[in-house]
Amino acid sequence: MFGAEPAATRDESIAHFRAKLAFETDASDVYAELSAGTASFVLLDTRGDAAWEQGRAAGAIHLPTARITSDAEALFPAGTNIVVYCWSPGCNGSTKAALALALLGYPVREMIGGFEYWAREGYPVQTDTGTATRAVDELVGPVGAPGAEVSGTRCDC
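Residue numbers (this note's numbering): 1 to 157.
Just so you know, the hints here were simulated from the structure itself, not pulled from any lab data.
Keep in mind it's a predicted model, so treat the numbers as computed, not measured.
Check before you lean on any hint, since a few could be wrong.
As the list claims (entries may be wrong) - Pairwise CB distance ranges, derived in the manner of DEER restraints:
| id | residue 1 | residue 2 | range |
| --- | --- | --- | --- |
| 1 | R18 | D137 | 26 to 32 Å |
| 2 | A132 | G37 | 18 to 24 Å |
| 3 | T129 | E24 | 28 to 34 Å |
| 4 | G37 | T127 | 20 to 26 Å |
Glycine included, each C-beta is placed from N, C-alpha and C at the ideal position.
Could you build all of it, start to finish, from the sequences and the hints given here?
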């Protein structure tokens, strides 16, 4: 059922998933904190300039991965909590950005799903001409789920 490797023990499973949650967050949790005004982090778009101009998570700051080593310390005080994102789950750009920030000493998490899931889950997308909210893609979240906006989540998880 689990393949050739034996299943992890209870303690191994707890350690793994606890560690995973220390390094990852999702669009739902990020949006909930940003919209409530309780965010204790900076949301960082690590994509290139053309991607940023095409659209980004509302409230994000732009610093492409290639410029993190040279520019991060001028933008963010030491100890700033940073949540990074790139295009999508198929892109490891946010992982590279998170590593670069961690090497500089910043506490950092990746927003799993990236900008793709931010937009597909119906959170505000900002461009230089304004902000728009797109319809929720029914493949990534319940459309019109009761209480979805109140709880800050779309899947009740």
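Given a hinted range of 18 to 24 Å, is it respected by the beta-carbon distance of A132 and G37? holds, 21 Å
G37 paired with T127, Cβ distance criterion 20 to 26 Å: holds, 23 Å
Starting from the range 28 to 34 Å, see whether the pair T129 and E24 falls in it by beta-carbon distance. This hint holds: roughly 32 Å between Cβ atoms.
In this structure, is the beta-carbon distance linking R18 and D137 contained in 26 to 32 Å? At roughly 30 Å between Cβ atoms, D137 and R18 fall inside 26 to 32 Å, so the hint holds.
Figure legend: structure checked against the earlier numbered hints; every hint is met.
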